[in-house]
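Asker: Each chain is listed here by its residues.
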Amino acid sequence: MKYTVMVNEGPYQHQSADSALQFVRAALAKGHEIFRVFFYHDGVNNGTRLAVPPKDDRLLQQEWSDLAKEHDLDLVICIAAAQRRGLMDADEAKRQGLDADNIIEGFRISGLGQLIEGSIQSDRTIVFGD
Amino acid sequence: MKYTVMVNEGPYQHQSADSALQFVRAALAKGHEIFRVFFYHDGVNNGTRLAVPPKDDRLLQQEWSDLAKEHDLDLVICIAAAQRRGLMDADEAKRQGLDADNIIEGFRISGLGQLIEGSIQSDRTIVFGD
Amino acid sequence: MAMLHIVNKSPFERNAFKSCLDHAVAGDSILMIEDAAVGAVDGTVFADDLKAAMTDKSVYVLGGDLAARGMSEDRMIDGIKVVDYAGFVDLTADNDKTQSWV
Amino acid sequence: MAMLHIVNKSPFERNAFKSCLDHAVAGDSILMIEDAAVGAVDGTVFADDLKAAMTDKSVYVLGGDLAARGMSEDRMIDGIKVVDYAGFVDLTADNDKTQSWV
Amino acid sequence: MATKKFMYVNRKAPYGTVYALESLEVVLIAAAFEQDVSLAFIDDGVYQIAKGQNTDGIGMKNFSATYNALGDYEINKLYVEKESLEERGLTEDDLMPIMWEDEDDDWAEKPSIRIVSRAEMANVLADQDVHYSF
Amino acid sequence: MATKKFMYVNRKAPYGTVYALESLEVVLIAAAFEQDVSLAFIDDGVYQIAKGQNTDGIGMKNFSATYNALGDYEINKLYVEKESLEERGLTEDDLMPIMWEDEDDDWAEKPSIRIVSRAEMANVLADQDVHYSF
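Protein chains in written order, with my numbering: chain A, 2 to 131; chain B, 2 to 131; chain C, 48 to 149; chain D, 48 to 149; chain E, 14 to 147; chain F, 14 to 147.
Just so you know, the hints here were simulated from the structure itself, not pulled from any lab data. Incorrect hints may have been included.
Using C-beta positions, here's what the derived DEER-type ranges look like [as the list claims (entries may be wrong)]:
no., chain 1, residue 1, chain 2, residue 2, range
1, F, D119, B, K31, 48 to 56 Å
2, E, L41, B, Q63, 21 to 29 Å
3, E, R127, C, G90, 19 to 27 Å
4, F, E105, C, M48, 28 to 36 Å
5, A, D67, D, D121, 44 to 52 Å
Subject to a maximum C-alpha distance of 20 Å in a straight line, what follows is the list of computed DMTMM-like cross-link-like pairs (lysine to aspartate or glutamate) [stated by the list, open to error]:
no., chain 1, residue 1, chain 2, residue 2
6, B, K56, A, E93
7, E, K18, A, D124
8, B, K56, E, E99
9, F, K95, C, D69
10, E, K18, D, D143
11, E, K74, B, D58
12, B, K3, F, E100
13, D, K65, E, E133
14, D, K104, E, E133
15, C, K104, F, E38
16, A, K56, F, E38
17, F, K64, F, E100
18, E, K64, C, E120
19, B, K31, C, D141
20, A, K56, B, E93
21, D, K65, E, E99
22, E, K95, C, D89
23, F, K18, B, D124
Don't be surprised by glycine CBs; every beta carbon is placed ideally from N, CA and C.
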């Protein structure tokens, strides 16, 4: 079965980001296809590479990044939500005249159409939020 | 009167960040002293400089930064919360071996003790959260 | 030693507002901001709870938050006072301490 | 065309769980995850609402979320089924669609 | 590709959180995909379409006029729950008169808002393919 | 400088949100400032100190043992609301037996948890100087 997963909260503040990650792992383990994971609202904050690995806890941003690499996942950050909150890739940062970017490997920034298209293409759309 | 204000949510997702900003402005206008604004939980995300000014909406991160400059405010981001969420200044980024930082002018990163000390020094502590 | 209780959650969505009413003591003040502003409207399923609290507590609403949600002041429960951010600041100064019911 | 309703809010804190029960139709399934897991416990002020819904709907709880909050499975309302994340995935596949009551 | 029924479930008040605004941004994008789009306003979501919203006092953008533009994008199924209104002391008169023009009926102006009971709302929700929750 | 009464108001379940964990981090730092520290567990906050918490199934850190360490920092006033327990089908037996050692009483182990009624909790809250809400 083909899934699009929507993640609407950032890492740590709400368990939603954890639940989404665990769901995606379990779906992959069962042989399902994750067509796309779309990060919206504060969910865009899952895609930063500037977080610091804690001594005794998970680093969610890195776990998403590693999972994307391992399974060739399409992790899409909404550009409108990202601009409000300060999540940038190198191209967008350059276009906006910013002096740095903070996206982690495995994520890409794109438009809301990617969410709709994902839901059209997929058998199921699952929303994780607050 | 002397105030310490605690901001526990990031920009946009919850109105708390707006309410805190409006409260601080109103307190300053009345001649009160803002001893410190302490950003905790997702509140640390108010301190990024990588957000993009929208065409038709407020840019909260810049408004905090401008207000700090105008009134010499002490805007403190909790280091533990910031490390989890990817909010970095140049020193901390260097110490952590990261290739970029994203803090905006007017904020500084420090420990939770700054919150307690603020509440001890101030006549009032006001919490804005979700 | 009166306390200002600041509530920012809709009484229809979360239990925070009800919990605030259950824990405020006589002489305290309650200020509704953000989504809590809709709690000021009369004729709701929450209005009686708030009216009961008003027998020995003062209740305020941030006018800007009420207006943002399309609720006009003439719909409010009698006795609720409307304040702006300056009035919000005054309430925090006039009471000895504040608690936010987030 | 059965639906899986996913609830992640405590029934004591927010109205989302109650709203879910009010909008699920016969034959639907309800899965409690995150803070909603505490709703599975019997003897609470919410238990009767959930039991009423169970007359024509199936109710599941994510075991890991129940255990995290210190609630053992033997305290659950009779008839609630415990699933892990793999079971969560199965529920989304077995139902035609899902709605999250965030 | 087959058309799917997309339902936007709005359960939160505007301005207190960003969900109402960013939900509307998805709805506007969705219009371009020629799917079957509906919006549901349940619980505090009914405040999103309350008339007379004025954000001058809180420094936030008033986006309520955008709901009036949805008809231009052929989005004209806005289901509003009667019980949710009643619990909040509201009636249909408290909502914006959101309209659309029916090109098959000589561009007659018709209301987009459909007041439904809680039981009817349950059936409306059950009849969709994709549910976005805000 | 005068000592202030600091109250940490905990009203949310653990793990579903970060507030319980990050609240505890503030409490531990606060211990160094030699203020008068109390914690209140109201509403879903009572789950924070439920015994038997096991997070193996959700991939998150189980921080509940930290509450047992609070006594070592001379933080031993944990007020728990009776009605909040009852509404959730819980009793004091469902809570961790959080203790502290009283150095003025030959290091006798004493319970840090004080079960209070809602009315008593209201008075406890009224008797503080600084309220941090989580």
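Asker: Please go over all the hints and tell whether each is borne out by the structure.
Answerer: A quick look at each hint next to the structure:
1. F/D119 <-> B/K31: 48 to 56 Å: holds, 54 Å
2. E/L41 <-> B/Q63: 21 to 29 Å: Because 26 Å falls inside the window, the suggested range holds.
3. E/R127 <-> C/G90: 19 to 27 Å: Given a distance of about 23 Å, which is inside 19 to 27 Å, the answer is holds.
4. F/E105 <-> C/M48: 28 to 36 Å: Given a distance of about 30 Å, which is inside 28 to 36 Å, the answer is holds.
5. A/D67 <-> D/D121: 44 to 52 Å: violated, 37 Å
6. B/K56 <-> A/E93: Roughly 16 Å separates the two Cα atoms, so the pair holds.
7. E/K18 <-> A/D124: At roughly 13 Å apart (the allowed maximum being 20 Å), A/D124 and E/K18 satisfy the hint.
8. B/K56 <-> E/E99: violated, 37 Å
9. F/K95 <-> C/D69: With Cα atoms ~13 Å apart, F/K95 and C/D69 stay inside 20 Å; holds.
10. E/K18 <-> D/D143: holds, 13 Å
11. E/K74 <-> B/D58: With Cα atoms ~6 Å apart, E/K74 and B/D58 stay inside 20 Å; holds.
12. B/K3 <-> F/E100: violated, 40 Å
13. D/K65 <-> E/E133: Judged against 20 Å, a Cα distance of about 17 Å means the pair holds.
14. D/K104 <-> E/E133: holds, 18 Å
15. C/K104 <-> F/E38: violated, 34 Å
16. A/K56 <-> F/E38: Answer holds: A/K56 to F/E38 is near 15 Å, not above 20 Å.
17. F/K64 <-> F/E100: holds, 17 Å
18. E/K64 <-> C/E120: Given that 20 Å is the threshold and the Cα spacing comes to 14 Å, the pair holds.
19. B/K31 <-> C/D141: Holds. B/K31 to C/D141 sits at ~13 Å (cutoff 20 Å).
20. A/K56 <-> B/E93: Holds: A/K56 and B/E93 sit about 16 Å apart, inside 20 Å.
21. D/K65 <-> E/E99: holds, 17 Å
22. E/K95 <-> C/D89: holds, 18 Å
23. F/K18 <-> B/D124: holds, 13 Å
In terms of the numbered hints stated before, the structure departs from hints 5, 8, 12 and 15, listed from lowest to highest.
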